[in-house]
Amino acid sequence: MPRHDLGGQWQAWTSTAVADSFYRLDFALEPEFLLSVPGHWQLEPRLATHQGSVFYRTHFDWQPTLTWPVTRLCIGGAFYQTTVWLNGELLGSHDGYFTPMTWEIRPELLQAKDNVLALRVDCPPTGASWRDIIMGVYGEWDCKPDLVNPGGIWGPVTLLETFRGYLQSPQIDTRLTSWNSAQIRVQASFVWRSVAGQVRASLKVYPRNFVGKGVAQDFSLPVQPGTNSLDLRLTLPDPKLWWTWDQGSPNLYDLHLLLTDEQGSEVDRISTHLGVRELAWKNWQLFLNGRRIFLRGVNYGPTSFYPATVGEKDLERDLELIRAANFNMVRLYNHIALPKFYEYCASAGVLVWQDFPLDKRYERNITGMALRQIRAMVGSLRNEPAVCIWSCHNEPYAQPGQERGGASGYGAMFANILRNVRPSWNKDILDPRLQEAVLQLDQSRPVVPHSGVLGLLRGGSATHHYYGWNTKEYRTLTWLSRLFPRIIRLVNEYGAQSIPQGLELLSHLGSWPHIDWKTMAETLLADVDLLQSHVPPCDYDDWDSYIEATQKYQAELVQYYSEYLRLRKHQPCSGAVVFYFADAWPLVSWSLLDWHREPKLAYHVIRRAMEPVQVMIDWPKSYFVPGERWSASIYVVNDYSRPLPVMGLLWQLRMGDKVIMRERGVAEVEADAVSRVGTLTFIVPEELNMDCQLTLELSLTLPNKRIISNEYMINVRP
Numbered sequence: 003m004p005r006h007d008l009g010g011q012w013q014a015w016t017s018t019a020v021a022d023s024f025y026r027l028d029f030a031l032e033p034e035f036l037l038s039v040p041g042h043w044q045l046e047p048r049l050a051t052h053q054g055s056v057f058y059r060t061h062f063d064w065q066p067t068l069t070w071p072v073t074r075l076c077i078g079g080a081f082y083q084t085t086v087w088l089n090g091e092l093l094g095s096h097d098g099y100f101t102p103m104t105w106e107i108r109p110e111l112l113q114a115k116d117n118v119l120a121l122r123v124d125c126p127p128t129g130a131s132w133r134d135i136i137m138g139v140y141g142e143w144d145c146k147p148d149l150v151n152p153g154g155i156w157g158p159v160t161l162l163e164t165f166r167g168y169l170q171s172p173q174i175d176t177r178l179t180s181w182n183s184a185q186i187r188v189q190a191s192f193v194w195r196s197v198a199g200q201v202r203a204s205l206k207v208y209p210r211n212f213v214g215k216g217v218a219q220d221f222s223l224p225v226q227p228g229t230n231s232l233d234l235r236l237t238l239p240d241p242k243l244w245w246t247w248d249q250g251s252p253n254l255y256d257l258h259l260l261l262t263d264e265q266g267s268e269v270d271r272i273s274t275h276l277g278v279r280e281l282a283w284k285n286w287q288l289f290l291n292g293r294r295i296f297l298r299g300v301n302y303g304p305t306s307f308y309p310a311t312v313g314e315k316d317l318e319r320d321l322e323l324i325r326a327a328n329f330n331m332v333r334l335y336n337h338i339a340l341p342k343f344y345e346y347c348a349s350a351g352v353l354v355w356q357d358f359p360l361d362k363r364y365e366r367n368i369t370g371m372a373l374r375q376i377r378a379m380v381g382s383l384r385n386e387p388a389v390c391i392w393s394c395h396n397e398p399y400a401q402p403g404q405e406r407g408g409a410s411g412y413g414a415m416f417a418n419i420l421r422n423v424r425p426s427w428n429k430d431i432l433d434p435r436l437q438e439a440v441l442q443l444d445q446s447r448p449v450v451p452h453s454g455v456l457g458l459l460r461g462g463s464a465t466h467h468y469y470g471w472n473t474k475e476y477r478t479l480t481w482l483s484r485l486f487p488r489i490i491r492l493v494n495e496y497g498a499q500s501i502p503q504g505l506e507l508l509s510h511l512g513s514w515p516h517i518d519w520k521t522m523a524e525t526l527l528a529d530v531d532l533l534q535s536h537v538p539p540c541d542y543d544d545w546d547s548y549i550e551a552t553q554k555y556q557a558e559l560v561q562y563y564s565e566y567l568r569l570r571k572h573q574p575c576s577g578a579v580v581f582y583f584a585d586a587w588p589l590v591s592w593s594l595l596d597w598h599r600e601p602k603l604a605y606h607v608i609r610r611a612m613e614p615v616q617v618m619i620d621w622p623k624s625y626f627v628p629g630e631r632w633s634a635s636i637y638v639v640n641d642y643s644r645p646l647p648v649m650g651l652l653w654q655l656r657m658g659d660k661v662i663m664r665e666r667g668v669a670e671v672e673a674d675a676v677s678r679v680g681t682l683t684f685i686v687p688e689e690l691n692m693d694c695q696l697t698l699e700l701s702l703t704l705p706n707k708r709i710i711s712n713e714y715m716i717n718v719r720p
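Just add 2 to the spot in the sequence shown (first one is 1) and you have this note's numbering.
It is possible that part of the hints are untrue.
[Said to hold, decoys possible] Capping the alpha-carbon separation at 16 Å, the derived lysine to aspartate or glutamate pairs in EDC-like fashion look like this:
#1 LYS660 x GLU689
#2 LYS284 x GLU268
#3 LYS115 x ASP233
#4 LYS206 x GLU163
#5 LYS474 x ASP529
#6 LYS315 x GLU280
#7 LYS215 x ASP175
#8 LYS554 x GLU318
#9 LYS342 x GLU365
#10 LYS206 x ASP175
#11 LYS206 x ASP256
#12 LYS623 x ASP529
#13 LYS206 x ASP220
Calculated directly from the structure, the hints in this document are not laboratory data. Everything numeric in this text was worked out from a predicted model, so none of it was measured.
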């Protein structure tokens, strides 16, 4: 299939005076800018803060490669509303940033010399705000500066030739059968631009990342001029199943479909990957191939607010860091990722919770647009084996611009809970309609209508908890979940802000302690009041010690949440998903890694807390006094599907390099369970006469001799 790239430097204008003429063949005005395609207009320094419309235009010559070609114009993606003309003729318009656009080109419309392709790209469209369009984190988000606009043609622009026809919208389903085989079903539309006849479809499925058997089958299909439907079924014997990395191997197959005409000439082909697996959703527990899975996850925002700049190595690096932190799931937070990201997740054995980019409350005029785009999302991602859950709306009860988790303080927290549980048009009418639209296209995955809805006594969804950030004490989750256990069935967000090391912009905020906190809030998006409430600047002598303290507080909070939820595994908690992975801009935020992908302390702590097997204790008190005696139960959490036989257990209390107390024991753990394996008891030394910290260390020696460790800070106040 010959593919002709039309990318490069395109002429561009921002003046609306050219809107009615820039696409015409006789248009001769000198360009205001030369912009890269694929690219984003804010990457041009003179357009660094531009919002609204840009008018693109390029010239190209055309000589078909094939005889009897069918030519299509393909645009990989653009932010946000796109209108396209070719040689002065309107091809069409498109709303939405994440789905490709394709138009079939009549042969007479293309000429040998000096064709003109013109695109008007609006982001946001004239008269619209971020609340009138579906942009998710690319529009309005508390981790994106307001002036950052991803507008532009971010995907490749190509002319694609096929012979006499082409495939479109392929949908691939896999289903395990009762006789140790899998049925592979390929459905697609086939557009045929010739006389009625026969085509041959050759379907092949064979292993991609393991040694095994493949299968191939040929089909003879009658076709008529126009659009035909293909429905091909193939039986794959003894399939290797796709698993997350912690439950098995992420076995993948390659699928190739080739269409040829009666003379054997190639018409079109598709190549993709697939995984054979089955998902089930019962009482907010996810089952993969019949096995219950505890979701150890992280929210993942965009790699960059300018996706055309993101390369495959950037995505590979992020997956390596996600996998190294022991996460088996990513929640694609309010955005659709680049296509390669899903493939890398499938190869790495990492599940994907896919959000539809609908965030907070909307007016009713969003309904038609949302239904169109959510169907497009499912159509484009349905074939991805890593996608495990569809979620239709994030926090549908919340006002746009609301602080993460609601305003600070317990009064504001209860007011937020009231808004959360009372009926609303977004939550109770729009979201069920979106859920129904998804289920009409895909019933092989769970579909949740929204995320962030508490459901204290009934209903509800995956929940978001920011106690310890919006409130003074993170242990609020303990008593609240005892009153309403449903609120921790699946926790999709928790975390706190911290300041990254080496943030260049800090040098512009003044010298310690005379800091311009207002500018820090405006430029770095820090919630200064909450940051100072949890980590008072007056307690620290310089920037470095203050930055370290903010990171320690964030790390302590995410360790508490992760362990508290894991200790309640399946009773009722099915997953813990921390907010969030990494920044796409220099910020003070909830991220585990800064925008250079340098880890904060919380990244190292969450990596330890999310080990598939980990030793834990009941969370320590806020502080202890000298001479106090304290006991705590010791638990081992095992996320593997196999029991673990006798393992060595060690705990010790240390002050600096000095070990105050040490005990050894053994532990046995059932499969996919939390097991209580003992009790530790210690007495805080009487001689301590100042505020200090002791370190409580635990370690577990697995049957394969690998040592798993954990630690807690014991705060002592005389």
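Given pair status - ASP175, LYS206, alpha carbons within 16 Å: holds, 15 Å
Restraint check for LYS215 with ASP175, where alpha carbons must lie at most 16 Å apart: violated, 19 Å
Pairwise hint evaluation, ASP529 against LYS474, where the allowed Cα distance is 16 Å at most: Holds. LYS474 to ASP529 sits at ~14 Å (cutoff 16 Å).
16 Å limit on alpha-carbon distance, applied to hinted pair LYS284 and GLU268: violated, 46 Å
Pair hint outcome, LYS206 versus GLU163 [Cα-Cα no greater than 16 Å]: Cα-Cα ~23 Å, so violated.
Holds or violated: LYS206 to ASP256, with C-alpha atoms at most 16 Å apart: holds, 8 Å
16 Å limit on alpha-carbon distance, applied to hinted pair LYS342 and GLU365: Distance ~33 Å between LYS342 and GLU365 Cα, so the pair is violated.
Given hint GLU689 paired with LYS660 - CA-CA distance at most 16 Å: Roughly 14 Å separates the two Cα atoms, so the pair holds.
Hinted pair LYS206 and ASP220, Cα distance within 16 Å: Given pair LYS206, ASP220 holds - Cα atoms ~9 Å apart, limit 16 Å.
Pair hint outcome, LYS554 versus GLU318 [Cα-Cα no greater than 16 Å]: violated, 28 Å
Restraint status (C-alpha distance of LYS315 to GLU280 at most 16 Å): It is violated: about 30 Å lies between the C-alpha atoms, which goes past 16 Å.
Given hint ASP233 paired with LYS115 - CA-CA distance at most 16 Å: Roughly 41 Å between the alpha carbons, so the hint for LYS115 and ASP233 is violated.
Taken one by one, the earlier hints fail for this structure at numbers 2, 3, 4, 6, 7, 8, 9, 12, listed in ascending order.
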